[in-house]
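J.: Here is what each chain is made of, one letter per residue.
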Amino acid sequence: MLQLLDYDFMRRALLAAFLTGLAAPSIGTYLVQRRLALLGDGIGHIALTGVALGLLTGRAPLLTAVLVAVVGALVIELLRTYTGTSGDVALALLFYGGIAGGVLLVGLAGESAASLNAYLFGAITTVSAGDLQIVAGLAGVVLLLAVGLWPQLFAVCQDEEHARVSGVPARAYGLLIAVLAAVTVTVSMRTVGLLLVSALMVVPVATAQQLTRSFRTTFGLAMVLGVAASLAGVVTSFAANTAPGPTIVLIALAGFAVAAPVGALLTRNHEGAVP
Amino acid sequence: MSLPTALRADDIDVSLAGRPVVRGVELTVRPGEFVTLLGANGSGKSTVVRACVGLLPCESGSVHLFDTTLDRYDRWDRIGFVPQRSGAASGVPATVSEVVVSGRLGRRRLFGWPTGSDRRAAGERLAQVGLADRATAAVSQLSGGQQQRVLIARALVGDPDLLVMDEPVAGVDAGSQAALAEVFAGLVADGTAVLLVAHELGPLASLVDRVVLLREGRVAYAGAPTGLPAADAGDSDHHPHGDPAPVRPRGLPSQGPWR
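Protein sequences, first through last, are from chains R and X. Take 1 as the starting number for the first sequence in the working numbering and just add one per residue. Take 1001 as the starting number for the second sequence in the working numbering and just add one per residue.
Treat the hints as calculated values from the structure; they're not laboratory data. Being a predicted model, the structure only gives us computed values, none of them experimental. Hints may contain errors.
To spell it out: a stretch of chain X is covered by chain R in this simulated footprint if at least three of its residues, at any positions, have a beta carbon under 8 Å from a beta carbon of chain R; those stretches are [to be verified]: (1) 1051 to 1065; (2) 1112 to 1126; (3) 1131 to 1145; (4) 1184 to 1191.
Ideal Cβ placement from N, Cα and C applies to all residues, glycine included.
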């Protein structure tokens, strides 16, 4: 098994998987706490327009995707806050606009929609050294803020009104979470792809909370599970010759399938012990 | 105005979705005073309170917190707030202690994680609301009344000088309400200003210095609970011993340091 470390592209793939597995659940925990689990998915669709814009203008798709995804995430958050548009409607608007814009721009670039496949489903083994630097930089920023600001982010996601009356600029933090989610989506784009990115943000959190009672444990365990699923997915896909992105997501889901009944048992025992 | 005020609303109008809900409301809470904002559902009492803590904009009139206008006010660590909520749970598990500790956020710097003294303060407040043994439980496992007490502990944990509570004892059992009344009485005696929103005077009646009754967004009565029109006093133990007099002279801080 260790021979896969002999390949440069595998070393880069494993490092990218590690960074994604760490960053995606860290911001995903706050999205789940705000009951915006599908936000990552919506941003993923928007990022597709960004990728197509990169292909059209001849710039690095990773960078145009970050920019467009951040703008899209800010638009969702502002729609939610200031027009009273419900979260799911705001998301639906993004889903359709993002896909339509992406396919349209790719057509204008003279490429077929098939060239979007690498971004839709990930292409972790084609990560270049330059890609890896961008991924590492962005993941580092996400982790620093998601971990360092957890008391503020926790308070805003737990009870936005109470946070505002505590003097926390809750709207600014809401925007920060949206921006960090957008950056994470782009970080994860090469690993699991834009269509599956939300899975890596949400599934490890859902698995962790089957077993935990506190926010901090959920947060930490979700990151551990995210890294485990990402690395195991890359290794499995190498050994079994399967597509890496879907392999990672299916392994993460298998983790949930194991944790859910265990969690149900734990809860029952706990309730039995403490009436 | 010579006496200091913790909260002062002057002639405020508030609209929700373009519909005027609150008109010309005056409200003052002084240090060491317990004021109850009474009214039926839809009378605008929650709207008044939300405007007073800056969650809703006033169309006209002004709000002062500790004699500073609301838009310039920045000492949020002096305010304890219990929002009207159905529960304390969210999409991710959180322990009772984690939720209560988040009430000290106003005292913490950016990138400052909770300290031992934050957790100790949370433990003390949880003991006061009778939940000391549930600190490590997930809030979602608690009953509605227990979650309500968690939110009260969160409001108290920052040692506020002004405590604003929107129907905080809804769903709280009678025994716990009595314990909370004792906690609130202690705070008021120490100079804390309390503004309570309720639809009836209920179990905290003996603490109330002054009542402001809202009807259709306007003040229908303001004064001692004794003068309250009988129909609005609620069903309650308002006259438990035939002596509804407030525990202290109304309108004046009882004593001591109100910071």
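J.: Taking the hints in turn, state whether each one holds.
T.: Okay, the hints, checked on the actual structure:
1. 1051 to 1065: With 3 residues in contact (Cβ-Cβ under 8 Å with chain R), the coverage given for the stretch 1051 to 1065 of chain X holds.
2. 1112 to 1126: This one holds; 3 residues, not fewer than the three required, reach chain R with a Cβ under 8 Å.
3. 1131 to 1145: holds (count 4)
4. 1184 to 1191: Per the Cβ count (0), the hint is violated.
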